[in-house]
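There are 2 protein chains.
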Amino acid sequence: MGGRRLGIATACLSGLLEDKLAAAAAAGFDGVEIFVPDLLGSPESPADIARRCADLGLAVDLYQPIRDVEALPRDAFAASLRRVEHAFDVMEQLGTTTALICSSVDPRAIDDDDLAAAQLAEVADRAADRGLRIAYEALAWGRHVNTWDHSWRIVARADHPALGLCVDSFHLYARGGDPAGLRDVPAGKLFFLQLADAPRLDMAVLPWSRHHRLFPGQGDFDLTALVGHLDAAGYDGPWSLEVFNDVFRQADPGPAAVDARRSLLGLEESLAGAAVPAVGGTAFVELAVDPATSAEVTDALAALGFARTGAHRTKPVGLWEAGGARVVVREEVPLPDAGSVPAAVAALAVRTPDPEALARRGVELLAPRVPLPHAGDEAELRAVAAPDGTLLFCCPERPSPGGDDFWPGDFVSTGVRPGVGATGIDHVALSPPFDLVAEAELFLRTVVGLAPVGEPTDIVAPFGLVRGRLFASAGAEPVRVVLSSSLVRRGGWAPGVPAPQSVAFAVPDVLTVARAALDAGLPLLDVGPNYYADLAARGVADVDVLAAHRVLLDVDASGGQYRHVVTPVLGGRVFLEAVERSGGYAGFGAADAPVRMAAHRRSRASV
Amino acid sequence: MGGRRLGIATACLSGLLEDKLAAAAAAGFDGVEIFVPDLLGSPESPADIARRCADLGLAVDLYQPIRDVEALPRDAFAASLRRVEHAFDVMEQLGTTTALICSSVDPRAIDDDDLAAAQLAEVADRAADRGLRIAYEALAWGRHVNTWDHSWRIVARADHPALGLCVDSFHLYARGGDPAGLRDVPAGKLFFLQLADAPRLDMAVLPWSRHHRLFPGQGDFDLTALVGHLDAAGYDGPWSLEVFNDVFRQADPGPAAVDARRSLLGLEESLAGAAVPAVGGTAFVELAVDPATSAEVTDALAALGFARTGAHRTKPVGLWEAGGARVVVREEVPLPDAGSVPAAVAALAVRTPDPEALARRGVELLAPRVPLPHAGDEAELRAVAAPDGTLLFCCPERPSPGGDDFWPGDFVSTGVRPGVGATGIDHVALSPPFDLVAEAELFLRTVVGLAPVGEPTDIVAPFGLVRGRLFASAGAEPVRVVLSSSLVRRGGWAPGVPAPQSVAFAVPDVLTVARAALDAGLPLLDVGPNYYADLAARGVADVDVLAAHRVLLDVDASGGQYRHVVTPVLGGRVFLEAVERSGGYAGFGAADAPVRMAAHRRSRASV
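First to last, the sequence lines map onto chains A and X.
Okay, so the first sequence: first residue is 281 according to the working numbering, each after it adds one.
Okay, so the second sequence: first residue is 281 according to the working numbering, each after it adds one.
So that you can see chain A by itself, here it is in the shape it has in the complex:
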């Protein structure tokens, strides 16, 4: 992807300045913004920091922020100039030419654009004397200047060659600004671009900015439009991330920087309008299960109508099929460390017209390609790794025996015909820890090409709030992934760490599947009579039938229905669902989740 310069502010990352710089360089960034507090906390001189950056191949694109400079009474402005001159001293050592001045929040600041422009021009004069320049930015909570167009009016009025604009996507969008106007700003006045995404939150802009910014593609802002307007205007400076986020501020800066750069690569791709490889449904889900408890999983599959149709030629791996739904069960003794679990979703295999193109794009988006060990005549599936280590298999739409990725050929037929009942994989539900949700989400959005369906949903789970969100590909047979995670999970009380994952099968008739499963002895989860009495009171018909089949029901605002049955938690980690959607229901049954979780908890406690 592009030759555009990509940068990141040190404020985005966790650690000491040297940790941040090393992470930015390792992730492949071209430059950094040095955040003043990071410099103040470093024992190295600015010149030493400059050498460190140079050694890492990082340009110092910006020194920021210089605060409360302009529109001040004369004596206060004299103090500003003293601070500015010191900043210039530092910049000369740092070898950076651009400083960010953000609009004043000083209570003494005067609402006078002429004064602001004159004082900024005076600062710019002094900058120009040293070969430096000033990028002026409107903070969304600036005392008098808090919109980008107001900052531009002041820059235009000052009309100084060393004074230009810093556009910050957060400040612009948070105040409802229209980026189209940027097209009319002369390219020579567009000094710097700071990029941040954010969810739309109904709260004050300052805490929104300080705690909830996200990397591009993780939030709700139309950053593609913004960079499009800036491209049209002729802006040719770096795209530089400035993201303040409670989670990223404390995360390992190595993966966080990779995630950050991925977000910009995704934005570049989005701006270029590059064709995203189509993803057309889930080929299979691979579960890794401890041999000691694998029968829990396979018995449940069998009861839900799956048949073991294939055995891998060389590995302890079975292929289970029911209609169009396929599950690969890989037996694997868990490693004896604290993080290992006896059953887990190990891979999601998606169908795509060009598997190599999908995998190659993943690699371009910084997902490591995973070479799969395979014997000479075995299929060579393309695979990249998600941030949590789960694999994304890129499968051909119709595997043909001639292709090198004809994965069904790796299985020896058991002679058993596929089961019936299911028609495909409805969704996979993953449960990353809260601090890893944003990166999991970005992977799904960029590498897999899924889009969020609706807003995040808060589930009042028995052991604390769980925030869930569904992501899906386009098309009639979408790939769907639910990410859900506990907002807070501390101390020894709350169980279920790691939280359960699930695989849901699409079925045309959940009652038939449920009856067969119960007859086969599978103890489908029973949430108890209070739930069904409530359904009846809400006007649902035939609740006795639902109760007898242990069917949970969610009804959306348009009357669309999600009828599903749920197995116990199997192998300590994973449960299965059979799901019947009707009436255009597009969710994932979040309304049922609290009773489902309570019943799971009770069934696990009683084991």
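Calculated from the structure, these hints are not laboratory results.
Because the structure is a prediction, the values reported are computed rather than measured.
All residues carry an ideal CB built from backbone N, CA and C; glycine is no exception.
Restraint ranges, calculated between C-beta atoms of paired labels, are given here:
(1) X:Asp502 to A:Leu336: 49 to 59 Å
(2) A:Arg795 to X:Asp458: 54 to 64 Å
(3) A:Ala575 to X:Ala408: 53 to 63 Å
(4) X:Ala572 to A:Asp806: 54 to 64 Å
(5) X:Asp335 to A:Ala800: 36 to 46 Å
(6) X:Pro616 to A:Pro803: 41 to 51 Å
Starting from the known structure of chain A, arrange chain X on it as the hints suggest.
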């Protein structure tokens, strides 16, 4: 304290319904509100739940919520009645007489008070037929009814004996309501009181309510005023907590319920205007240190001007003194579990005119009294335990040799005179995990009688945001405690778990203390030249002197100064500070914390 009935909504606590009920009973609550989703998630019938509550000694005070009942078109209202009748069925089994109906958020709801009143009267008629009654509450985000006075106009208009008001302190204060008007509501119409505190947050009321409610005394609402008005109006129902909070929702319900009831006991005391025992300064701080590293602590004390004036008669405990500052160093081999640390603040000893009264009041506020093992002729200090196990010693203001709590008598004089330099304990800084801050804060506010000084401060620490807040007693020589904790601390990256604690000594002249400490070989923390260059640019004089003495400086908006020096982290957990305040500075040096933390991190990494 009082004979008032105290209750709690099951929604406040974590776990399955049975966990919540057991915790509420164990904490001594009189009754509970059964939150509908908790009942739906229970396999027990409402009658069984009623028996469970009765066995635990809990009344079921309220069944809640019934939503979207009123002001609806006729056909939709018919569906409401079906749901209401089902709720009444459940209530009869539960043995509760009062149901909460909260104001409608249904998009079909009509802005028509007459219709709302008429339909609520119809519901009340049906309730009365069964001996039940309806408490109507204005949700702060109700579609048309969202203030308590509006809900009261509708209740008054309906004029039905089985229809009254539910007052919810959150909804009232969040909308800026004036509780004084409640005095004019007839007592017979005040059916129920739900209590929640909250911090003042500039955000939408719904997420504020769902995530950020707190127990009374943990937030910013004047709940004492509210309950005062309700008392004046003749309300004689329970005080019942309804607190939605991300942390409490997932915390061990046992301690959370104790914390909850403590908050109501504190509110009762506040309403009664009971004299809170005065706390007049810090008598001493006790540090528990591993003998293997205790020299790190005692060498630092000595370098800061402290002298070991006493040795405990029977235990490996030393008394260190400098002027009015006293530190008790107790050698204790840490337990070999993951949570043990080599050095920690074990106790805070406060001076009070009546130690027994302070301790007794702590016990009334549910702090366990800790009997201290002591030999026959040793002092019997009164002590209660904070939620984290730290002890609060209640010491006499002037220990006199005749008293049974003459704790200095436990120490044999070493013959060494107290050091000079310090005048007292400036503050103790504790660092509870984020999920335990609210309970630590409530303990300080209620049991110790401290008040917050200013708002919480977000510190941009190298490894993520740290939120700090200072609490202090009144008077010339205040007891000050800082609580600071990481907003998010996940994964293996961020170091310093458990985070450092500190003890700060008040000194009249920090330069003298620093010079002596450096001369004694104590490596006072050096944050490096960039910090001092920045101070100079901000107009601070004599920064070379500050730098030479390793003094950090915070200047408040009024010019008040906080000049302090900081030791390395000692024994792996604790650092010491010498603090000189001037010009009325009232904070705790939060502005310096980021550079201090970075330097601490570097010094630990280099050890």
